[in-house]
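Peer 1: Single-letter residue listing:
There are 2 protein chains.
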Amino acid sequence: MPALLPSEKAFIPFVSVENMMRLVHHVGIETMLIGLTEAVEADFRRWDLFDKTPRVASHSLDGVIELMPTSDGAVYSFKYVNGHPKNMAQGLQTVTAFGLLAEVSTGYPVLLTEMTLLTALRTAATSAMAARHLAPAKARCLALIGNGAQAEFQALAMKAVLGIEEVRLYDIDPKATEKTMRNLANMGLRLVPCASAQAAIEGADIITTCTADKQFATILTDNMVGAGVHINAIGGDCPGKTELHRDILLRADTFVEYPPQTRIEGEIQQMDPDYPVTELWQVVSGRAQGRRSEAQITLFDSVGFAIEDFSALRYVREKLVGTDYFQKLDIIADPDDPRDLFGMLQRAG
Amino acid sequence: MPALLPSEKAFIPFVSVENMMRLVHHVGIETMLIGLTEAVEADFRRWDLFDKTPRVASHSLDGVIELMPTSDGAVYSFKYVNGHPKNMAQGLQTVTAFGLLAEVSTGYPVLLTEMTLLTALRTAATSAMAARHLAPAKARCLALIGNGAQAEFQALAMKAVLGIEEVRLYDIDPKATEKTMRNLANMGLRLVPCASAQAAIEGADIITTCTADKQFATILTDNMVGAGVHINAIGGDCPGKTELHRDILLRADTFVEYPPQTRIEGEIQQMDPDYPVTELWQVVSGRAQGRRSEAQITLFDSVGFAIEDFSALRYVREKLVGTDYFQKLDIIADPDDPRDLFGMLQRAG
Numbered sequence: 013m014p015a016l017l018p019s020e021k022a023f024i025p026f027v028s029v030e031n032m033m034r035l036v037h038h039v040g041i042e043t044m045l046i047g048l049t050e051a052v053e054a055d056f057r058r059w060d061l062f063d064k065t066p067r068v069a070s071h072s073l074d075g076v077i078e079l080m081p082t083s084d085g086a087v088y089s090f091k092y093v094n095g096h097p098k099n100m101a102q103g104l105q106t107v108t109a110f111g112l113l114a115e116v117s118t119g120y121p122v123l124l125t126e127m128t129l130l131t132a133l134r135t136a137a138t139s140a141m142a143a144r145h146l147a148p149a150k151a152r153c154l155a156l157i158g159n160g161a162q163a164e165f166q167a168l169a170m171k172a173v174l175g176i177e178e179v180r181l182y183d184i185d186p187k188a189t190e191k192t193m194r195n196l197a198n199m200g201l202r203l204v205p206c207a208s209a210q211a212a213i214e215g216a217d218i219i220t221t222c223t224a225d226k227q228f229a230t231i232l233t234d235n236m237v238g239a240g241v242h243i244n245a246i247g248g249d250c251p252g253k254t255e256l257h258r259d260i261l262l263r264a265d266t267f268v269e270y271p272p273q274t275r276i277e278g279e280i281q282q283m284d285p286d287y288p289v290t291e292l293w294q295v296v297s298g299r300a301q302g303r304r305s306e307a308q309i310t311l312f313d314s315v316g317f318a319i320e321d322f323s324a325l326r327y328v329r330e331k332l333v334g335t336d337y338f339q340k341l342d343i344i345a346d347p348d349d350p351r352d353l354f355g356m357l358q359r360a361g
Numbered sequence: 013m014p015a016l017l018p019s020e021k022a023f024i025p026f027v028s029v030e031n032m033m034r035l036v037h038h039v040g041i042e043t044m045l046i047g048l049t050e051a052v053e054a055d056f057r058r059w060d061l062f063d064k065t066p067r068v069a070s071h072s073l074d075g076v077i078e079l080m081p082t083s084d085g086a087v088y089s090f091k092y093v094n095g096h097p098k099n100m101a102q103g104l105q106t107v108t109a110f111g112l113l114a115e116v117s118t119g120y121p122v123l124l125t126e127m128t129l130l131t132a133l134r135t136a137a138t139s140a141m142a143a144r145h146l147a148p149a150k151a152r153c154l155a156l157i158g159n160g161a162q163a164e165f166q167a168l169a170m171k172a173v174l175g176i177e178e179v180r181l182y183d184i185d186p187k188a189t190e191k192t193m194r195n196l197a198n199m200g201l202r203l204v205p206c207a208s209a210q211a212a213i214e215g216a217d218i219i220t221t222c223t224a225d226k227q228f229a230t231i232l233t234d235n236m237v238g239a240g241v242h243i244n245a246i247g248g249d250c251p252g253k254t255e256l257h258r259d260i261l262l263r264a265d266t267f268v269e270y271p272p273q274t275r276i277e278g279e280i281q282q283m284d285p286d287y288p289v290t291e292l293w294q295v296v297s298g299r300a301q302g303r304r305s306e307a308q309i310t311l312f313d314s315v316g317f318a319i320e321d322f323s324a325l326r327y328v329r330e331k332l333v334g335t336d337y338f339q340k341l342d343i344i345a346d347p348d349d350p351r352d353l354f355g356m357l358q359r360a361g
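Protein sequences appear in the order of chains A and B. The numbering used here puts the first residue of the first sequence at 13, with every later residue one more than the last. The numbering used here puts the first residue of the second sequence at 13, with every later residue one more than the last.
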């Protein structure tokens, strides 16, 4: 039997960290954040079409490993992502991720990519998309509480998508704020380092909390939060991990991605199981109201959902066309006769 | 800031299809099947320790895409696997797979590998392990109903682990039987092609059904199955897909991997939800009896479970040591300062 070359379908494009960085610079980071915001919003508009399931989490003392699958009936995606707050002390990333797209009709993968960077980008894009529907009109000032790996991405997405001009920064570790200030210098943002969370949120239209402790924490208390702000809470994203005092939730209108997941993982894990929330996709698709008044406090209780990864993966796949920012991986066995897997193995001997 | 080289942890060993074939030939296929049987059995003995969950399936008209995670508390694994019976007509594999091992303590992946070949090997090893506990003593004759991609692996595992001498083959497509006969020639097995399933099971001690239709089928009817045989049913592995007439199940004692998954996917989906089954791990660990008498009909209603993949992945990781049967993939972003993901991206520009 002739040993034919494997078919094209047997080779899966793989985007390494290095190639993802090349792709981001090729597209331009702010352009990419705007593009991802549009991609996520387009998929939130057709939310009904997706297979949705809470992520499959494997918890341990040190952290969590999660699989986040979804499908729109034509394309399937999943992301592998971990969250290990103690990793930082060992010089490792708290969150690392990779993801995959596959054809639903054949089950064959069509893209494998790093998603540590891509998750940071899509999380910032999702925040910007939510803020577009929930933040006060003409929001110009962002408070960033928690200046870790997410901080710059959040600031740039809010600038690119909403026109944020000033970012007020606070972190319990001043070195984290210095790092963020350094990275955001000369990006067209007015940067104000602050000595406390309280000081950071003064005059802010949008407050973004992105801290990493895996525990119930109170980054914001009720007395700190004034009328009319939009809170974007992205750090509380697993059971036992929250950032806001529950009294804030009682005053705010809460918007979520996928309630069955957010009730377990989000800020609202502090509340009763029937605590009222609005699904963000309903706002995006015009079925529910976003911000109703200038005085309203809106809260996007964000935990990250599989559909956002799906959007980001499809965006990357599109942007790869015509570039060489990928390798081809021989990950699918492809015998000449599909029933002859053993023969393929035997002939390789 | 100096751009340090990424740490070792940022590069994940990846085993391509080509390298998996090299590894199999390096170890020797029968030696590997025996090694995998031991590895699976060792993990079945410590079944209690594992995080267990039914696989997460995304069904479509054409097939299914599944994620199969598990963990023993120190090591985490998952497999991506599809099942698309119509793929064969397009020259594609019905089942393709890849898998991953990660450290639970950090969430960092430590191995990514093709698993189309590895799944075929571990499925055959699991069948052999079950047969070792359930088949009649001194089983020498195997009937193989369904001569597709799994067939040769099943035959060789039963030979290597149990000492099977004769294999009787039947497939609705004679070309599949011819292919299997050709591949198993000169392997030390007496091969008997048969014109019907009925003819194939004459004199067989073990009957293995491995057909691929995604539908309720009746490959074996009750009158065909004599006293004392062990049935290894591996083709029925998703909702709506079975191979045996339910009357066989009424006469047999049924052994399963993980009941919550098998009741949805296995032969026993035809039976009442409380149809009695024995968990195979209890037999392996000495807590339940396997075969009780010469006349007993035993049935291993196998659907494939995540722990078997975990065992196979760990086996491969061990065998890779000291070889070059892998590439290193730059899949984990690894900034010098873990909080400085953005700085890493920026400096790459």
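Do not rely on the hints blindly, as some may be mistaken.
Treat identical chains as interchangeable: a pair holds within one or across any two.
Said to hold, decoys possible - Using 25 angstroms as the maximum straight-line C-alpha spacing, the simulated DSS-like pairs for lysine-lysine come out as follows:
(1) Lys-340 <-> Lys-150
(2) Lys-21 <-> Lys-331
(3) Lys-98 <-> Lys-21
(4) Lys-98 <-> Lys-187
(5) Lys-21 <-> Lys-340
Simulated from the structure, these hints should not be mistaken for laboratory data.
Peer 1: Have a look at Lys-340 and Lys-150 and pick one of within, between, both or neither, based on CA distance no larger than 25 angstroms.
Peer 2: Cα proximity of Lys-340 and Lys-150: none, with 45 angstroms in one copy and 48 angstroms across.
Peer 1: Could you place Lys-21 and Lys-340 in one of the four classes (within, between, both, neither) given a Cα distance threshold of 25 angstroms?
Peer 2: both (10 angstroms within a copy, 22 angstroms between copies)
Peer 1: Is it within, between, both or neither when you check Lys-21 against Lys-331 at 25 angstroms Cα-Cα?
Peer 2: Within one copy only: 19 angstroms inside, 28 angstroms across.
Peer 1: If the cutoff is 25 angstroms on CA atoms, where do Lys-98 and Lys-187 land: within, between, both or neither? Let me know, please.
Peer 2: Within one copy only: 18 angstroms inside, 57 angstroms across.
Peer 1: I want to check one pair: Lys-98 and Lys-21. Are their C-alpha atoms no more than 25 angstroms apart within a copy, between two copies, both, or neither?
Peer 2: between (40 angstroms within a copy, 16 angstroms between copies)
Of the numbered hints given earlier, the model fails hint 1 alone.
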